[in-house]
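J.: Sequence:
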Amino acid sequence: WSPLLVAAAVFGHFRADVIGLLGWLVVLPTLGRFLFQKKWRGGFLPERGNWNPALWAVLAAAAFLYTAFPNEFLIGGSDPGGYSNHALFVAREGRLTVPYPWPREADSVLAGAFQGFPGFYATPGEMTAQASHLYPLWLAQSYAGLGLSGLIRFNGVVALLFLVVFYSFASRFIPRHFALLATLLLALNPAPLYLGRMTLS
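Residues 719 to 919 in this note's numbering are what the sequence shown spells out, letter by letter.
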């Protein structure tokens with residue numbers, strides 16, 4: 719879905735509702751088949767066994783830590799604030815480039831003295847975000863579906879999905895109880911606890 723998000727925003731036609739509807743139309747018909755395949759159960763979700771309750775306990779604790787206390791960077795806030803505000807702009811305006819804070823007719827007078835905003839290049843016509851465009855588009859899609867709460871908790875959800883993938887991968891190479899311990903240590907590591915609670919790629 720990422721190429722579609724980027725193309726829509728680059729050409730100024732980002733519509734989160736249309737993209738979301740298209741997503742559900744693709745996902746729903748295949749969801750039942752996908753969930754009941756043995757390949758799915760053995761590939762991504764952990765297989766049934768003695769360690770599943772412990773794994774769910776680890777994931778529940780991580781979910782609480784990552785999403786209950788998100789950081790909000792809507793006023794300032796360096797890179798996370800740049801991503802958040804750009805996402806809000808894209809969700810509302812449907813495009814990536816941001817207009818200057820004056821009418822176009824005043825460009826000849828004001829453009830030379832403009833110092834710029836952190837995180838944006840002063841490009842001809844409109845400002846261009848310096849960082850990757852894809853991450854703000856994911857945030858914009860999350861904001862459109864779940865509001866501000868979805869935007870500021872997006873990274874927490876991604877962090878949780880990563881823990882499931884990590885456990886599934888680790889349990890293929892080491893005993894499950896060691897994979898569970900590794901997942902617990904990763905979930906409580908300061909780096910994911912820090913990054914999972916903010917809008918930073």
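No lab work stands behind these hints: they were computed from the structure. Since this is a predicted model, take the numbers as computed values, not measurements. Just so you know, even glycine gets a beta-carbon here, dropped at the ideal spot from N, CA and C. Take these hints with a grain of salt, some might be off.
[Stated by the list, open to error] Estimated spans, in silico, between C-beta atoms of each pair:
id, residue 1, residue 2, range
1, Val736, Pro893, 44 to 52 Å
2, Gly865, Leu743, 55 to 63 Å
3, Val744, Leu828, 43 to 51 Å
4, Glu811, Pro771, 41 to 49 Å
5, Gly812, Gly868, 17 to 25 Å
6, Gly868, Thr748, 20 to 28 Å
7, Leu911, Asn770, 22 to 30 Å
8, Ala849, Arg822, 51 to 59 Å
9, Leu903, Glu811, 15 to 23 Å
J.: With reference to the structure, classify each hint as holding or not holding.
T.: We went through each hint and held it up to the structure:
Range check, Val736 to Pro893: about 47 Å between beta-carbon atoms, so the 44 to 52 Å window is met. Between Gly865 and Leu743 the beta carbon distance is about 23 Å. The supplied range of 55 to 63 Å is therefore violated. Restraint check, Val744 to Leu828: a C-beta distance of roughly 46 Å satisfies the suggested window 43 to 51 Å. The given range of 41 to 49 Å is respected by Glu811 and Pro771, whose C-beta atoms sit roughly 47 Å from each other.
About 18 Å separates the C-beta atoms of Gly812 and Gly868, a value consistent with the hinted range of 17 to 25 Å. The beta-carbon spacing between Gly868 and Thr748, approximately 24 Å, falls within the hinted interval of 20 to 28 Å. For Leu911 paired with Asn770, a C-beta distance near 24 Å keeps the hint of 22 to 30 Å intact. Between Ala849 and Arg822 the C-beta distance comes to about 25 Å, which lies outside the given range of 51 to 59 Å.
Between Leu903 and Glu811, the C-beta spacing of about 43 Å breaks the proposed range 15 to 23 Å.
Checked against the numbered hints listed earlier, the structure breaks hints 2, 8, 9; every other hint is satisfied.
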